[in-house]
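Engineer: Here is how the chains run, residue by residue.
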Amino acid sequence: DIQLTQSPSFLSASVGDRVTITCRASQGISSYLAWYQQKPGKAPKLLIYAASTLQSGVPSRFSGSGSGTEFTLTISSLQPEDFATYYCQQLNNQRTFGQGTKVEIK
Amino acid sequence: QVQLVQSGAEVKKPGASVKVSCKASGYTFTGYYMHWVRQAPGQGLEWMGWINPNSGGTNYAQKFQGRVTMTRDTSISTAYMELSRLRSDDTAVYYCAREHSGYPVGVYWGQGTLVTVSS
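Chains A and B are the protein sequences, given in the same order.
Take 75 as the starting number for the first sequence in our numbering and just add one per residue.
Take 70 as the starting number for the second sequence in our numbering and just add one per residue.
Think of the hints as simulated: they come from the structure by calculation, not from any bench.
There may be inaccurate statements among the hints.
[Unchecked claim] Here are the in silico distance ranges between beta carbons for each label pair:
#: 1; chain 1: B; residue 1: 121; chain 2: A; residue 2: 141; range: 22 to 30 Å
#: 2; chain 1: B; residue 1: 113; chain 2: A; residue 2: 127; range: 21 to 29 Å
#: 3; chain 1: B; residue 1: 142; chain 2: A; residue 2: 146; range: 23 to 31 Å
#: 4; chain 1: B; residue 1: 99; chain 2: A; residue 2: 92; range: 42 to 50 Å
Where is the CB? At the ideal position from N, CA and C, for every residue including glycine.
Turn these sequences into a full structure, and let the hints steer you where they fit.
Structural biologist: And the structure:
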């Protein structure tokens, strides 16, 4: 099984901050990676797929990069509605999610 | 618009089975794979598997092999996920998610179904 490790697991930030979340895969997955945002009591929302393609309707302050085993999700200027938990997911071999990164208000 | 409406909350005893439904509308049901993902209380997301509604073919996560069965009824555009031999650690919200049109990732999600396993 391919394991995904996100860092950090918890992040405290302020509105306007630039935020970066890292996702590392236990083996190479090319660009078969997606990022989701989840708010309490809600289903996950797709933000980015194919490592760097922004899903339609997602604000451009979200961006993704990486390939192989290391990937990043960047929020260029954190907005109040961005406080949530973020998950990466690999699609190279079945599917696996990272453990999540909770972004909270500083 | 695409909608996935799941069945209501369930309470089951250990050892029992549960079957969750996911009724799709707003698109051609047989055109997109359907995934199932679960989330235990306060925990992360866990992928369970997918079903190809066109062929009925399935792909299950190894962890659930032998305990999970995914089926569909194309006449009513509904996918099902049945989990057997339930344990307390199967208590979770179960989601169905339809694949994106151009990439094998879940883009449309059901509202979730809480399954509680308790004696």
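Engineer: Now tell me, hint by hint, if it's right for this structure.
Structural biologist: Hint check results:
1. B:121 / A:141: 22 to 30 Å: Taking Cβ atoms as reference, residue 121 of chain B and residue 141 of chain A lie about 28 Å apart, which means the hint holds.
2. B:113 / A:127: 21 to 29 Å: holds, 23 Å
3. B:142 / A:146: 23 to 31 Å: Violated: the Cβ-Cβ distance is about 42 Å, outside 23 to 31 Å.
4. B:99 / A:92: 42 to 50 Å: Cβ of residue 99 of chain B to Cβ of residue 92 of chain A: about 44 Å, so the range 42 to 50 Å holds.
When held up to the earlier numbered hints, the structure conflicts with hint 3 and nothing else.
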